[in-house]
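Protein chains: 2
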Amino acid sequence: MIVTNPTVAALYLPRLRAALATRYARLLSVELPDGEEHKHWQTLNLIFDALLNNGCDRRTTVYALGGGVVGDIAGFAAASFMRGVPYVQVPTTLLSQVDSSVGGKTAINHPLGKNLIGAFHQPLRVVCDLDVLTSLPDRELRAGLAEVVKYGAIADWTFFEWIESHATALLVRDVDALAHAVQRSCEIKAAVVAQDERESDLRAVLNFGHTFGHAIEAGLGFGNWLHGEAVAAGMVLGAALSVKLGLIDPAVSERLVALLSKLGLPTKVPALGADRYLSLMRLDKKAVSREIRFVVLTGRGEAALRPAPDAVVREVIEMHVA
Amino acid sequence: MIVTNPTVAALYLPRLRAALATRYARLLSVELPDGEEHKHWQTLNLIFDALLNNGCDRRTTVYALGGGVVGDIAGFAAASFMRGVPYVQVPTTLLSQVDSSVGGKTAINHPLGKNLIGAFHQPLRVVCDLDVLTSLPDRELRAGLAEVVKYGAIADWTFFEWIESHATALLVRDVDALAHAVQRSCEIKAAVVAQDERESDLRAVLNFGHTFGHAIEAGLGFGNWLHGEAVAAGMVLGAALSVKLGLIDPAVSERLVALLSKLGLPTKVPALGADRYLSLMRLDKKAVSREIRFVVLTGRGEAALRPAPDAVVREVIEMHVA
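Residue numbers (the numbering used here), protein chains in the order written: chain A, 1 to 322; chain B, 1 to 322.
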């Protein structure tokens, strides 16, 4: 059962069907409405309906062909259909290749927040075909690069510097540059997840920029900013917070802002008001007993999880309103 | 977060709250509409709404206070809320004490079948308080005894004979008899699940009577027959099939029918037509690639998984129409 959306299906469904034709007795597909705003129960149920109306059973394998929304919903459908069937991720955006397709996190949104309902369910395999990136809109390419920058910032300063020197090559989709960016990002993510699948503190550093980022997405209504754009602005706030807490030299934060700007990504946040940001962040899965724990930078290519006084967080937000 | 229903809440919620008061900083509860016909997405979402509207996070523990429906939905909510939080089963029916509360199967129904969407998620603990059985309606007590009989039939003939000689004691709720029945049933189930959590063939023998039983429930519309009643009639068909396949002596089947009758359980199936039964059974999770695999008895206290020719299955169904 190939789960996809109409945009991706038009571009790549025939090719995937052809590739799988000799491997399965029967190939089916279901197309979901496109976009983060459809990442909810009703859309998930379209997959269950398709599986059950076609008599699928526990031997069915689910393929997720698309970006992060398709991957997250299809993964959760695979996790919960008949209490779990295998699935394969075939991510078609840079963002999903370097982030959501690796690590087994699946989820749907709830009106009160992103990814609040889901499962840990590892894919059998993740297939990153760089050819699909040629059809990706520029804005989505840039959003994907935000997560690539994140891996450098939290885990590998050499990689961060490589991105600085290859920013233009990445933006013009130089295939060697993209190959290195995808490979190194997946390596870093897989290494972290292998040590901490269920997200104790270690895996949580992968959420650098995400606590602020999720609040931006939830505050604006899902689908207005791309996830990677929200993460970019969120990383700027995370780095500023790290400076305020005395954890890093301001120069580190400045290089991050400069690199994100060069990649055409936002470095300011929408004017929702600091109170609204704080209440949205308290709802985040990573908040424990109402205390928000932020991923902060503790050095070049190093990160950790820390609480922060509300007053400091407010100040950081107010410094960065667009 | 205590998940329960209005009937059970009126009887036992204050007692559970009192028992937990010193252990948690905050106790919340949510009441679900009662009955198998409510075991679907909308009811599951009531739990997510209650959790999120009260600011619950990953440190929240879910308590399922009620029968199998409450336990299955609350367990699936715990499995998928923020990708998994701990939960405790406090089953208040005999059926859920001896069956659904043990083993970590959680699920909701889909219009096309029972328990088709769910997760394996082991409870922290299962608390079986025999006092709660005093408030159980007779019909539900009998339905629970169907699963007790099942354990004897598939795994322990000595236990089966003990049930034969204690049928009256069980029906009048003799506390020592109930204690032995619950304990031995949970021991058998736990031993099987410990060897095969994810249901390869071994765990599947616990589904004796369930393939036919699920078809009865789905065919009549969920909520008309109690699950245990459908399983009782399903076991009669399973035993008859075992006789037809030459696997057991007819005397074994006759003793099973006699015991179920003595316990006031159905031993005939509703007249849905053999075709309808076959098509419903092909939809069962345990069907693999359209072949229905039946749990059959292979001796006294022994069971196995076997396919069977449609013609034989038809004959068995037609022999047992009420």
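Mixed in with the good hints, there may be bad ones.
[Claimed, not checked] Just so you have them, the derived chain B footprint on chain A, three or more residues with Cβ under 8 Å:
#, region
1, 9-17
2, 114-121
3, 246-257
[What the hints assert, rightly or not] Partial chain A-side listing against chain B, Cβ under 10 Å, derived:
#, residue
4, Asp49
5, Asn53
6, Gly55
7, Ala107
8, Ser135
9, Asp138
10, Arg139
11, Asp201
[What the hints assert, rightly or not] Anything over 12 Å on all C-beta distances counts as not near chain A; from chain B, calculated:
#, residue
12, Ala18
13, Ala21
14, Ser29
15, His38
16, Ala77
17, Val88
18, Gly104
19, Ala107
20, Ala119
21, Thr134
22, Thr168
23, Arg173
24, Leu202
25, Pro250
26, Ala258
27, Lys268
Hints listed in this document are in silico derivations from the structure and should not be mistaken for laboratory results.
Even glycine gets a Cβ: it sits at the ideal position worked out from N, Cα and C.
Evaluation of the provided hints:
With 0 residues bearing a CB less than 8 Å from a CB of chain B, the region 9-17 of chain A misses the requirement of three and the coverage assertion fails. Restraint check on the region 114-121 of chain A versus chain B: 5 residues with Cβ-Cβ distances below 8 Å, three needed, restraint holds. For the region 246-257 of chain A, the stated coverage by chain B is not satisfied: 0 residues place a CB nearer than 8 Å to a CB of that chain, which falls below the threshold of 3. For Asp49 (chain A), the shortest C-beta to C-beta distance to chain B is roughly 8 Å, which falls under 10 Å, so the interface hint holds.
For Asn53 (chain A), the suggested interface contact is upheld, since its CB lies about 7 Å from the closest CB of chain B, less than 10 Å. Annotation: Gly55 (chain A) was flagged as interfacial toward chain B, and the flag holds, the nearest CB pair being 7 Å apart, inside 10 Å. Hint status for Ala107 (chain A) relative to chain B: holds, with the closest Cβ pair at about 7 Å, below 10 Å. Hint status for Ser135 (chain A) relative to chain B: violated, with the closest Cβ pair at about 31 Å, above 10 Å.
Taking 10 Å as the C-beta contact cut-off toward chain B, the hint placing Asp138 (chain A) at the interface is violated, the least distance being around 33 Å. Proximity of Arg139 (chain A) to chain B is violated relative to the hint, the smallest CB-CB distance being about 29 Å (cut-off 10 Å). The interface hint given for Asp201 (chain A) is broken, as the beta carbon of that residue sits about 13 Å from the closest beta carbon of chain B, more than 10 Å. With 12 Å as the threshold on Cβ separation, the claim that Ala18 (chain B) sits away from chain A holds: the shortest Cβ distance comes to roughly 23 Å.
The beta carbon of Ala21 (chain B) sits about 18 Å from the closest Cβ of chain A, which is more than 12 Å, so the claim that it is off the interface holds. With a minimum CB-CB distance of about 19 Å to chain A, Ser29 (chain B) clears the 12 Å threshold, and the non-interface call stands. For His38 (chain B), the requirement that its beta carbon stay farther than 12 Å from each beta carbon of chain A is met, with the minimum near 16 Å. Taking the minimum C-beta to C-beta distance to chain A, about 9 Å, the non-interface status of Ala77 (chain B) is violated against the 12 Å cut.
No Cβ of chain A approaches the Cβ of Val88 (chain B) within 12 Å, the least distance being about 19 Å, so the stated non-interface status holds. At roughly 10 Å from the closest C-beta of chain A, the C-beta of Gly104 (chain B) falls inside 12 Å, breaking its exclusion from the interface. A Cβ of chain A approaches the Cβ of Ala107 (chain B) within 12 Å, the least distance being about 7 Å, so the stated non-interface status is violated. Distance to chain A contradicts Ala119 (chain B) as a non-interface residue, since its nearest Cβ pair spans about 6 Å, not more than 12 Å.
Interface exclusion of Thr134 (chain B) from chain A stands, the closest Cβ pair being 34 Å apart, more than 12 Å. The non-interface label for Thr168 (chain B) is consistent with chain A: the shortest C-beta to C-beta separation is roughly 38 Å, beyond 12 Å. At the 12 Å boundary, the C-beta of Arg173 (chain B) stays outside the reach of chain A, the nearest C-beta of that chain being 34 Å off. Every Cβ of chain A is farther than 12 Å from the Cβ of Leu202 (chain B); the closest lies at roughly 15 Å, confirming the non-interface assignment.
A cut-off of 12 Å between C-beta atoms confirms that Pro250 (chain B) is not in contact with chain A; the least separation is 33 Å. With 12 Å as the threshold on Cβ separation, the claim that Ala258 (chain B) sits away from chain A holds: the shortest Cβ distance comes to roughly 35 Å. Listed as a non-interface residue, Lys268 (chain B) keeps its Cβ farther than 12 Å from every Cβ of chain A; the least gap is roughly 29 Å.
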